[in-house]
Amino acid sequence: MRAIGKGSLSSILAVGLHVTRVILWIMLGLVTLALIILPFAPAIADLFSHSDGINIDGVVDAEDFIKVSYAFVTTAVMLFVVNRLLEILKALRFGSPFVKENADRFRGIGYALLMGEGAKFAFGFLSLIFDADVELNMTFLAWLAIITVFVLAEVFREGARMKEEQDLTV
Amino acid sequence: MSISVKLDRVLLDRGMSLTELSERVGVTIANLSILKTGKAKAIRFSTLEAICKELDCQPGDILFFDDDGKTTAD
Chain F
1 MRAIGKGSLS
11 SILAVGLHVT
21 RVILWIMLGL
31 VTLALIILPF
41 APAIADLFSH
51 SDGINIDGVV
61 DAEDFIKVSY
71 AFVTTAVMLF
81 VVNRLLEILK
91 ALRFGSPFVK
101 ENADRFRGIG
111 YALLMGEGAK
121 FAFGFLSLIF
131 DADVELNMTF
141 LAWLAIITVF
151 VLAEVFREGA
161 RMKEEQDLTV
Chain E
171 MSISVKLDRV
181 LLDRGMSLTE
191 LSERVGVTIA
201 NLSILKTGKA
211 KAIRFSTLEA
221 ICKELDCQPG
231 DILFFDDDGK
241 TTAD
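Protein chains in written order, with our numbering: chain F, 1 to 170; chain E, 171 to 244.
Treat the hints loosely; a few may be bogus.
Just some of the chain E residues that point at chain F, by a computed CB distance under 10 Å [said to hold, decoys possible]:
{"no.": "1", "residue": "L182"}
{"no.": "2", "residue": "M186"}
{"no.": "3", "residue": "N201"}
{"no.": "4", "residue": "I204"}
{"no.": "5", "residue": "K211"}
{"no.": "6", "residue": "A212"}
{"no.": "7", "residue": "I213"}
{"no.": "8", "residue": "R214"}
These are computed hints drawn from the structure, not numbers from a lab. From a predicted model like this one, the values you see are computed outputs, not experimental measurements. Just so you know, even glycine gets a beta-carbon here, dropped at the ideal spot from N, CA and C.
Please put together the full structure from these sequences, using the hints given.
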């Protein structure tokens, strides 16, 4: 399978990532909306409860805030990662994957994943206090993936240095 | 970098243009410009040999070790 061009793995991945990005933007929009609306939920519920036949429980707990905030952070991290991956694939399509920018992008992905895991722990602890439904568990595979991304970033940094040296060898 | 390239001076002494040298040694003008402007990170022995052959000079006439920003062979 070709690395670049029509029908290549990178072009298939790019299509998949573009679709994922659209879905994530919609998800982020909805979660942001939920985060904004949540403090006014009792008032909205009260407004609707005056209508015939509608009885809404407008009580908003800390548990709801934790869940929505966690969804917001997770979606934002995923969107950041997808965007960086698309930029890396774009550089690959232009025929120059070994550039310093790609090393920085991989490092950025690593930090984002690290932040995502950190947020998982933070929200997990909060859920213990407020009894929210956010799992507090450590996934070995997730940490391995983070380490892999950081290793890749260093490989790309060295690759970029070697490419520059090769380009400037007369 | 501590190594400086004095290709322009040797070219001037020989009355040869960069284009002419490029044609003679078979290295592109872009690459010779990289060498001439001191942007090159490395030089192949084959390139150095071809340049020295065409300019009738020694590698030391083109390359200088420039310590503390001062050229030692001037």
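Going through the hints against the structure:
Violation of the interface hint for L182(E) is found here, the shortest Cβ-Cβ separation to chain F being roughly 19 Å, above the 10 Å cut-off. Hint status for M186(E) relative to chain F: violated, with the closest Cβ pair at about 17 Å, above 10 Å. Using the Cβ-Cβ criterion of 10 Å, the hint placing N201(E) at the interface with chain F is satisfied: the shortest such distance is roughly 5 Å. Residue-level restraint check for I204(E) holds (minimum Cβ-Cβ distance to chain F is 6 Å; threshold 10 Å).
For K211(E), the shortest C-beta to C-beta distance to chain F is roughly 4 Å, which falls under 10 Å, so the interface hint holds. The beta carbon of A212(E) comes within 4 Å of a beta carbon in chain F, closer than 10 Å, and the hint placing it at the interface holds. A distance limit of 10 Å between C-beta atoms decides the matter here; for I213(E) the minimum to chain F is near 5 Å, and the interface restraint holds. Interface restraint check for R214(E): the shortest CB-CB distance to chain F comes to about 7 Å, inside 10 Å, so the restraint holds.
Taken one by one, the earlier hints fail for this structure at numbers 1 and 2, listed in ascending order.
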